[in-house]
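Colleague: Chains as they are written, first to last, in my numbering: chain A, 21 to 655; chain B, 21 to 655.
Possibly wrong hints are sitting among the right ones.
Identical copies go unnamed one by one, so any copy, or any two together, can satisfy a pair.
Unchecked claim - List of simulated lysine to any residue pairs, SDA-like, C-alpha gap at most 20 Å: (1) Lys-125 to Pro-461; (2) Lys-475 to Leu-514; (3) Lys-156 to Ala-485; (4) Lys-185 to Glu-245; (5) Lys-577 to Ser-602.
Simulated from the structure, these hints should not be mistaken for lab results.
One letter stands for each residue in the lines below.
Protein chains: 2
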Amino acid sequence: MNKLLEQINSPDDISALSVERLKLLAEEIRELILASVSRTGGHLASNLGVVELTVALHYVFDFKKDKLLWDVGHQCYAHKILTGRKDTFADLRHAGGPSGFPNPKESPYDQFIVGHAGTSIPTAIGMALAQQQENKTDKIVALVGDASIVNGVSFEALNNLGLVKRQLLIVLNDNSMAIDATQGAVAKYLSKVRLSQTYEDLRKTTRNILEHMPVIGKGVDDAIEKIKKSIRMALPGSRLFESLNIPYFGPVDGHDIGSLSELFRAMSHLNRPAILHVYTKKGFGFSPAGQDPSKYHSTGPFEMNGDSVETAPSGRTFTIAFGESLSKLAAEDKRIVAITSAMCDGTGLGEFRSKFPDRFYDVGIAESAAVDIAAGLAKEGLRPFVCIYSTFLQRSFDQIFQDISLQNLPVVFCIDRAGLVGSDGPTHHGLMDIGYTRMMPNMVLTAPANELEMKLALEFALRQASPCVIRYPKDVVPVMSDLEMLACAQLFELSGAVAVRKGKNPQIALVSYGSVLGEALKAAETLAKDGIEVDVVNARFAAPVDEKIITLARRGKGIITIEDHYLACGFGSAVLEAAASSSCAHGPKGKRNAKIAVLGAAKEFIEHDLRSSQFRQAGINADRIVEKTKELINE
Amino acid sequence: MNKLLEQINSPDDISALSVERLKLLAEEIRELILASVSRTGGHLASNLGVVELTVALHYVFDFKKDKLLWDVGHQCYAHKILTGRKDTFADLRHAGGPSGFPNPKESPYDQFIVGHAGTSIPTAIGMALAQQQENKTDKIVALVGDASIVNGVSFEALNNLGLVKRQLLIVLNDNSMAIDATQGAVAKYLSKVRLSQTYEDLRKTTRNILEHMPVIGKGVDDAIEKIKKSIRMALPGSRLFESLNIPYFGPVDGHDIGSLSELFRAMSHLNRPAILHVYTKKGFGFSPAGQDPSKYHSTGPFEMNGDSVETAPSGRTFTIAFGESLSKLAAEDKRIVAITSAMCDGTGLGEFRSKFPDRFYDVGIAESAAVDIAAGLAKEGLRPFVCIYSTFLQRSFDQIFQDISLQNLPVVFCIDRAGLVGSDGPTHHGLMDIGYTRMMPNMVLTAPANELEMKLALEFALRQASPCVIRYPKDVVPVMSDLEMLACAQLFELSGAVAVRKGKNPQIALVSYGSVLGEALKAAETLAKDGIEVDVVNARFAAPVDEKIITLARRGKGIITIEDHYLACGFGSAVLEAAASSSCAHGPKGKRNAKIAVLGAAKEFIEHDLRSSQFRQAGINADRIVEKTKELINE
């Protein structure tokens, strides 16, 4: 660790530093981020971009008392380093180490655990309204990026900013580097502003703001008018925000700690909400090609994947299998279009985008609109595949209900990152998608257990005239035996479960949903060694549930369902419902009660860790299945 | 029925009419709407406001082929009358008659079943993209109101409008009548534009647009520039939309059929998306105070409730009980604040707003932001009560997860219109809220069975340090016997169910959740007459489930759960899960399987009808409980 940073154990320790020393500190923080992320994985470029911004914020505000709100939150590394977490930073995203997102359990300097886009402004408004109501004067700062300010909830909040009649500083961290065809109107607007600005303009704007900024409590409104006028002369940037009645300042240089500090200090005294538009550069200060890449590359697998660094996958992932399968299908069926919300690479759509650029839509971080646009596409006869992570698709729950399920449109939801997600932790787990989609009429829920089934599931979905949900995890596809693969080679038929392993006189059947089939097979193997024979059934569908599963549950000691989802409202729950409903109406006398044990995650938030450790913690791995089977048999 | 309208059986029949005749037609349509709505209830003012607009749209476009997309959709009455549904219009919102919302099952002129705000633009974009991809040229028109264009999904769509490179007309139906303190920035902006306009200005703008509008396919881009420039001279209206790169035209008079027709015709040839800003007046042409109110009032109970007409409630509603209880609590506890999204009256908050204006927030149709603002308020120590209908709170699913449940903040969700909602039909039923909230850690789910329990449930929620969900239906509070009320007078304790009726040697317990307790008690009474004794238990909580319920389920013939929710993921499902989980681990040997039958709505969309009829259809009324009990006993 470097010298200056060694002395910084809390933001208090930087208050007496000169701007020159702050610059040095920023460099040391950048080095620590690089060194750690190259080992642990995480978001690199966005964090390197906000180091100066973060240092300046902590230099001016006192976030023991004042409130700093992050949006998405993956850019909080410098903040974590400055707020007493530098010594554990080498364990970033590892069990026991700091998480990759803000978390009040880690530090009083963090307000909300966040990971989804667009929430900093509305939550900041709520805090400001409370302060207003209670006549408190803590300063509130909400950071938001140019990619996440366009999310619906962010705009809804901006539209309600007028409720706040006191200080609330919104820092718009604009790090967009280029005009991209897939960008939306706001991005184009910001790009236009950016292209109109020279570096000298940014300095001029900074001076303008500082010159006209009022002293505390005096003539604030007048001053704002003066600043706005003098800035507007030079700049086109204010129009969008002014039409929404939001005082806008900027753009200014987000890497100039000195100017930023002065600006923050001046703006902290405004008695109304305001936006400061700040330019930063993703990956600022890190040019591995130019400098000494080996220094950062030697510490471990180090691969830039968009904004984030991921250790190289140890095998073929479900995501890759999905992307390739969909591209193949799309070559045969021209009705197929793909939609994603700022997650083209993450959802494996890279190949699809290159091969079918006119049939690929990236709507930015706008999950709700993505689903409604899919509804329109399907209404006109196309076959949209909506590719969004499980946790982010939660943003589209109501659109899936009204605009897909109620209309019975054949949209296919390709839910990546379903289940436990490993190092991203609780904001990113996809533990509710079975529940929030299986309640809806017309929805068919399926989950492939391996790569072969991914292809079959997609083909099945395309044959349907109704909406279909396909879920799969952030994981490698499991390797199975030839015999097992043979079972999985059967075509997908609506609700049809398949037997993958047959025990001799089995008392129990293990019924798994999706990729946890691998765990069930492993458990069956272990049990066989202990002389306990079980069947293993691959349910394939969570809605509708195969009646065969209910029949199995009435045999011998019954069944155990296994899934990578909350137990609440999950696959097992669907099986319980099906058994409870079918039993009274149709069940043979005296056989009303099917014997069903359910394995799924308990209603808890599982912290960042290895996915395998999270499985152990959630009790949905092979060991737990073995244990549960023995419990059932010994009852 | 009047003369001209008699001859109109489809939009084809108006194509040859003169503008003068169209005006007459509009008047006749208005009369029919008034006559019908005064009898059936429904949305009156908004429908009267768009009669001319609707006539002009059908005059110019051919919506057999072209696409007309409504937003929220409650203003589609004139459209329904013009598209072959005038003869059944007297049965509006009644079983067998037209629904109060667009519905493709009723007519090929309807595209989507809608009822939630903000979806017309994104679905229109989807349809336009499909047309673009397939080189089709059907015209697409999306209507959107000034209240719903601010919803997040609508903004996300506007931000993506640039994806569309062909015709797409957005008609912004601006009927805002006054600047209201609770309005957002867009509303203020539109009001400012409105205040700057005289009637003569609107006419001038219309002429300007028509003069410069290009002939088909020729110099469209240039012409748009010319129009924009000539309009901008006179008007401030374009700034917001231009900063989003959306060609904006207007404002123009929305009651001038002749001008509207010319404008629609001209704009239908634009080869890119554009917005036409139209002023309409809610309730246009109807002044019951001035003219002959008796004519409209005599036909039945007729009461203006904001925009909609509701027949007078036949008793005290849960909504009123909630509003009064919350106001009383708020008088004692200053931390209490209330938040709603454009549903102050609908959620019973009128009294709260008058008594505590500084503690009341209406954020407009922005359910997602409402929840995040509540998160901020709670973070700062206040106790927010979020009051939103069950179906609309679906818009906040992800915010409830990340910003409330994950943070474990004590926000209380007061979910009105939970369960079946009667005449509004499938877009408005609240049949999923138990499921979408009970999956989340930290959430406590409770439901009052009557007015007394409403008060107790609110008091309970205020005592909690965690988030709490309280659901109640669009219905009157049930009247119960003194003995029954005595049972309900017990304080709410976390997860604690209460026995409301004790049978002698009962074989079955009926376990109800929320207001369906009334049905359970009625069933018990009927069964007693048949000599069948049952217990009736008021569960009060769906999460956590009372272990006592599981114990009951292991007694005699078991239990029947009853709820006003989809069976999938509902209260009964939670009981099944609890039984399945507790049985293996803790259940006595041989008693693993609790006997649980579940009654809830099947996974279907239940059409508009009386709530009582919908209950019968869903099979969750007293009759069905009796039947199910006998089935269980005879097994």
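Colleague: Are the hints correct? Go through all of them and say.
Modeller: Now the hints, each set against the structure:
no. : hint               : result
1   : Lys-125 to Pro-461 : between (40 Å within a copy, 16 Å between copies)
2   : Lys-475 to Leu-514 : within (15 Å within a copy, 47 Å between copies)
3   : Lys-156 to Ala-485 : neither (57 Å within a copy, 23 Å between copies)
4   : Lys-185 to Glu-245 : within (17 Å within a copy, 39 Å between copies)
5   : Lys-577 to Ser-602 : both (19 Å within a copy, 16 Å between copies)
Checked against the numbered hints given earlier, the structure breaks only hint 3 and satisfies all the rest.
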